[in-house]
Every structure is written in C-alpha cells, then in structure tokens.
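2 protein chains.
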Amino acid sequence: MPDTKSPRFSPRGDKEAIESGLAFQPKFDADGLIPAIVTAADSDEVLMFAWMNADALSLTIETGLAHFWSRSRRALWKKGEESGNLLSVTEMRTDCDQDVLWLRVNVEGDGLACHTGRRSCFYRAVPVGGAPSAALRLVPAEDPAAH
Amino acid sequence: MPDTKSPRFSPRGDKEAIESGLAFQPKFDADGLIPAIVTAADSDEVLMFAWMNADALSLTIETGLAHFWSRSRRALWKKGEESGNLLSVTEMRTDCDQDVLWLRVNVEGDGLACHTGRRSCFYRAVPVGGAPSAALRLVPAEDPAAH
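Protein chains in written order, with this note's numbering: chain A, 16 to 162; chain B, 16 to 162.
Just so you know, these hints were derived from the structure itself, not from any lab. Some clues are possibly wrong.
Which copy? The list can't say, so a pair holds if one copy fits it or any two copies do.
To be verified - Listed next, the in silico SDA-like pairs over lysine to any residue satisfying Cα-Cα at most 20 Å (straight line):
#1 Lys42 with Arg86
#2 Lys93 with Thr131
#3 Lys30 with Ala149
#4 Lys42 with Ser85
#5 Lys42 with Glu123
#6 Lys42 with Arg88
#7 Lys30 with Asp70
#8 Lys30 with Arg88
#9 Lys93 with Ala69
#10 Lys93 with Ser58
#11 Lys93 with His130
#12 Lys30 with Arg133
#13 Lys42 with Trp66
#14 Lys30 with Thr131
#15 Lys42 with Val143
#16 Lys93 with Val143
#17 Lys42 with Glu77
#18 Lys30 with Thr105
#19 Lys42 with Arg152
#20 Lys93 with Asp125
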C-alpha cells in the first residue's frame, strides 16, 4: 500500500497553476474521489468509467495497472483481479481542471472491460432527435471495436 | 424548456432491466446529475467531461446539441453558446449501469472543446510507472488529433 504519511500529490494551486502548470494537483471530490474515463489504447473507444480515491490513483501510477474505488463495495478495486481482464495503462491524462482522469489501456486476459462480459460497457445507444419520454427505447449498438 | 410534469425517463428498474433492458433508465446522483464523456466523432479522442441534469439531458436528446449543468455556475449550460463551439451529437450511449453517458460529437465553430482554447481538455499526461509524490510533473501531450 502507498505511504499515506507524506503527500502523494501537490496541493491545489490557483486557476493558472491548475490549468497551465505541470504540477499534478488532482482534485478529489467531497467523497475523496476523482472520475476516470477508460478508453482502448488502440482505438480510443470508451470502455468503462469508474472512480479513484487517492490510494487507487497512487497504485495505478505505481503499478501501471488500473485500480479504482468501488463505491458499491466501498473497497479498493484492482480491475480484473478476479477475471484476469487487467487494465494495463499505456497513457494517463488529466484535464484542464485536473478533476478528471483519462486512461488509455490495453485490456489483458479476454479483452473484456465490462462485467457483463462485453468489450465495452457502452453497448446501447440513446436515440437523439426526438422528445424524451418514458417510452424512449435504447438501441443495441454495434461492437465499438467495429467503429 | 422540456415539460417537467410528465416523466421524461423511465424509473430505475432492477439490475436485469438496467443492464440488459432497452428502457432508458438513467441514474442521476444525489445532486441530480449524471456524468457525460464527450469524444470526437471522427477519432473517439476524449475532448471533455461534464455533468448533465435531467433538463440538460432532455435538451440534448431533443436538439442534438450537447447541454450540461454547470456545477460552478449552478446553471443550465448550452456548450458553445457563447464561443460558437457547439457540440453536435452524432451518437449518445449509456453504460451497463445506465449511470454514465458517452457522447460522440462534431465540434462546430473553431473545433475547440476546451475553454482554454484547445481542441481537447486533456492536454497533459500523468507519468505512469514511478512513485507518486508532490514532485510529480505532468508532461505536455501531443495534440490528441495527431494520435
């Protein structure tokens, strides 16, 4: 486990430092979490979305394998630890506000990032262009890999 | 503005309905918000990340232009309304849990999605593979369009 005694990340600076600086000053929300977007390294298709606490972020940086915080299980979560579908990070980025992370990954094992057994969690499309109503139906989307 | 009297989205069902069904049952968090990942329609590079409330989601579906909820300004936000960099949605997807949205967009105007004047908000990389510390420095990333 990471050393929690010394500061692992820079404290938040002013707007200029956050947007234009090179000190990593990740913003964790009131629950101590930062959102992480995960895309496939070879195509940038969005595979999944999850949350990291400071421990998960530290472990991801240290090991190069994506770790998250499971809000439902309230536990640190090494993605793929049970399934073998580990996420090997090829690049991590942060955004202008340093309050979001983007991970490009190679999915190990069977290459399935979604717990439903699919490559991506985003396997249904929301029709755009009509009036939203409770009758709105999702449309099964083609495998994003075929995009 | 959307009609707020009739239900605009299905109520949340059970796990099976949410994961495998075709009824759109978006989950809004305790603040009434759902996260939205925005990628470029032509490359899937991640451009930005923002939040939608039910009104923003309804307007996005109705108009095909991305609307968000600005948490800092506490206001509905038609992205690009002032800059001209409107986000025209070519596809919207939701994930297995229906608690995240993914929008593929064409950026109108100057093609810049970030308020800093860049194409993408994710213009800095976080080095992976070392020990996290307050001394960690971000690396300016190549224009994602060149990826």
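Cross-check of the supplied hints:
{"no.": "1", "hint": "Lys42 with Arg86", "verdict": "both (18 Å within a copy, 15 Å between copies)"}
{"no.": "2", "hint": "Lys93 with Thr131", "verdict": "within (17 Å within a copy, 34 Å between copies)"}
{"no.": "3", "hint": "Lys30 with Ala149", "verdict": "between (41 Å within a copy, 18 Å between copies)"}
{"no.": "4", "hint": "Lys42 with Ser85", "verdict": "both (18 Å within a copy, 17 Å between copies)"}
{"no.": "5", "hint": "Lys42 with Glu123", "verdict": "neither (29 Å within a copy, 30 Å between copies)"}
{"no.": "6", "hint": "Lys42 with Arg88", "verdict": "between (22 Å within a copy, 18 Å between copies)"}
{"no.": "7", "hint": "Lys30 with Asp70", "verdict": "neither (25 Å within a copy, 29 Å between copies)"}
{"no.": "8", "hint": "Lys30 with Arg88", "verdict": "between (34 Å within a copy, 16 Å between copies)"}
{"no.": "9", "hint": "Lys93 with Ala69", "verdict": "within (14 Å within a copy, 32 Å between copies)"}
{"no.": "10", "hint": "Lys93 with Ser58", "verdict": "neither (23 Å within a copy, 29 Å between copies)"}
{"no.": "11", "hint": "Lys93 with His130", "verdict": "within (13 Å within a copy, 34 Å between copies)"}
{"no.": "12", "hint": "Lys30 with Arg133", "verdict": "between (40 Å within a copy, 16 Å between copies)"}
{"no.": "13", "hint": "Lys42 with Trp66", "verdict": "both (12 Å within a copy, 16 Å between copies)"}
{"no.": "14", "hint": "Lys30 with Thr131", "verdict": "between (40 Å within a copy, 11 Å between copies)"}
{"no.": "15", "hint": "Lys42 with Val143", "verdict": "between (32 Å within a copy, 18 Å between copies)"}
{"no.": "16", "hint": "Lys93 with Val143", "verdict": "between (35 Å within a copy, 16 Å between copies)"}
{"no.": "17", "hint": "Lys42 with Glu77", "verdict": "within (19 Å within a copy, 33 Å between copies)"}
{"no.": "18", "hint": "Lys30 with Thr105", "verdict": "neither (28 Å within a copy, 32 Å between copies)"}
{"no.": "19", "hint": "Lys42 with Arg152", "verdict": "between (36 Å within a copy, 15 Å between copies)"}
{"no.": "20", "hint": "Lys93 with Asp125", "verdict": "within (16 Å within a copy, 40 Å between copies)"}
Of the numbered hints stated above, those contradicted by the structure are hints 5, 7, 10 and 18, listed in ascending order.
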